[in-house]
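*Asks:* This is what each chain is made of:
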Amino acid sequence: MALRTTISQRKRIKRKAPRGFLKRIFKRRKPHLRLERSCDLLVHLNCLLFIRRLAEESRTNACKNKCGIIKDQHVLAAAKVILKKSRG
Amino acid sequence: MADSYISDNEPTTRTLLRRVLDTEDSRTPRRRQSTRAGAQRTLLETPFSMMLRSQTKTAARRHSYRRRSSGRLAHIKTSGYLKEQTPRTLLENILQTAPESSMVMPEPVVKPVPAPQVVQSPSQESSQGSLELQLPELKPPTSLAPSLLASGKRKQSLRLSAFQQGMDQELLLSQGPFTEPQGNATATSFTSSLNLTFATPFLPQSVQRPGLARRPPTRRPVDVGAFLKDVQDSVALALPGDSLKSPVATLPPDTVLEDTQPFSQPLTGHSPSVHHSLSCPPVSTERIVSSRTRSRRPGLQNNRKAEEVDALAMEFPNTGNSISGEDGLEPLQDGVDKEVEKTVQEILDLSEVKEAAGAQRSTRAEEPGRDTKVIEADGSWGATEAKEPKGSSQLDMDTTGRAGSSELASSTPEFLQARQLELLEPAPPTSTAVQQSIPGPSLSSEPLLARLPPRTRTTGPRLRQDPYKTGLSHYAKLFSFYAKMPVEKKALEMVEKCLDKYFQHLCDDLDIFSAHAGRKTVRLEDLELLMRRQGLVTDQVSLHVLVEQHLPLEYRQLLIPCAFSGNTVFPVQ
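In the order they appear, the protein sequences are chains A and B.
Going from the first sequence to this note's numbering is simple: count from 1 and add 117.
Going from the second sequence to this note's numbering is simple: count from 1 and add 1478.
Keep in mind the hints are simulated off the structure, nothing from the lab.
Please note that the accuracy of each hint is not assured.
[Said to hold, decoys possible] In silico lysine-lysine, DSSO-like type, Cα no more than 30 Å apart, as pairs:
| id | chain 1 | residue 1 | chain 2 | residue 2 |
| --- | --- | --- | --- | --- |
| 1 | B | 1979 | A | 201 |
| 2 | B | 1707 | A | 183 |
| 3 | A | 202 | B | 1962 |
| 4 | B | 1707 | A | 202 |
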């Protein structure tokens, strides 16, 4: 018996993936393309990992400057590196 | 040897205990044994005196067995050794085995053995078992100085209850044959040690340390005036930045002055019924009827009172719900209820549109001038929502109120302006502030929704920006979580920009990959390829591992194919 796609017992998921939001973004940018069934979940996973890497890099930058708070220049420097990495 | 003691007029513990055993019902929880125990008791009544006289265990047992066998329940004999370990049986054992020898204890220890013994019988019986349980534990450690013991014994004799002293006697007796070679000093040490340990678990804490006893929580009568003031202040503080602040200050004194007086008199006739109606739904209809009969709109004065009452009422249901039971608030609440009922009736009379308008305005906090109806509507809403639905009328009120509130989104601002023109008097704006705080969670989101469209009439670009921004901010929050450090707001905006760029790159890459595969839909393998190129998925770390690590269970089930019963795999490959 196959599992249902709907969640029955636990109605509340922590860290829900904004599936509609992701689908809308993709549609707006690439209207000619279609996303498969659960692809947006993987896109969400991708975003999570990207954010995680970005956060870690910014944290490293902030610690390098001996700053207790992450500032936008830290984020900017981190983004340069990470975006390059995630270029694919 | 024990003869003399039995015939003594002086009530020894033994005799008292025996009396207890004879008179008291067997309190063993096991019913099936109770009859047996009862029978044993009756059988043992007479042999007790005989048994106590005999010093040997065997003699006692013999006698008891004789008696038992002669009795109705012949099978009790076999149960003699297999008697269940109830306190009663243990006590009996003590009395059987312990010799009725004269006590080494001094007289004053024995003396205070009065009637309380009988009263303590249940505790005695219960304590017996535990006492017995303690005995084997206490055997080894008896390394107490005799002098200390002697003094401790004296002190303890004064402190301990009479029963415990008697029990010490018994213990001494029971331990007598065992500790005789050790001498009396050690025997006393034994008992004293036993006493010491025996005392602690049985003396209730309150006896030794009265401070630990549970006291009933003292309830102070609530100072209503001070409470109202505090509530007003807190409400005023909760809504800063409004232009309503200046009138806010005027409200508290008014309410403080007004709240007590108008209610005390008119309430006298209604307070009992009102008070009861708080709990009894059927009385509510009476109340409503009675309030109906009263004048609906006696005048501005009444309305003003009603306003403030409603303001209070609004506060009360929300803030004072938990303390609604307090006496100090009850008369006020009754008065408030009464006024609320009046307002309920008024609102019911008014058209639904008006209610909607009132609801609208209630949720909007900006308008300075308020209609009393609005306030009343809110008051009724607050009161009815907060309290249990008392009657059908109130339930209707709730539904109509909610219907009115649901119409908020559809209602337009000109309606609001029209209502404003109709305002009878400038109501204290704190009521509006209060009203804002009052409406329940169902209405709390609506002020935001209702407020936004009238402010800026832009539709297209705004709609596009808002959900996009909210989606990005959703990820930005995750950024601050992953960073484990405080993040500036500007940094978060920067993160959102980076995310935007990232999404662009992502979509482009997916497009390229799917086009490379000659497809028009993006599939899972495209995404896996993307992640591989990004360096997230390696030979060591597979996609499934990442999915398991970072996604919640429900998504995992959707992504990772799993075999199920019936030779099926989900999701379908």
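*Asks:* Which earlier hints turn out false for this structure, listed by number in ascending order?
*Replies:* 2, 4
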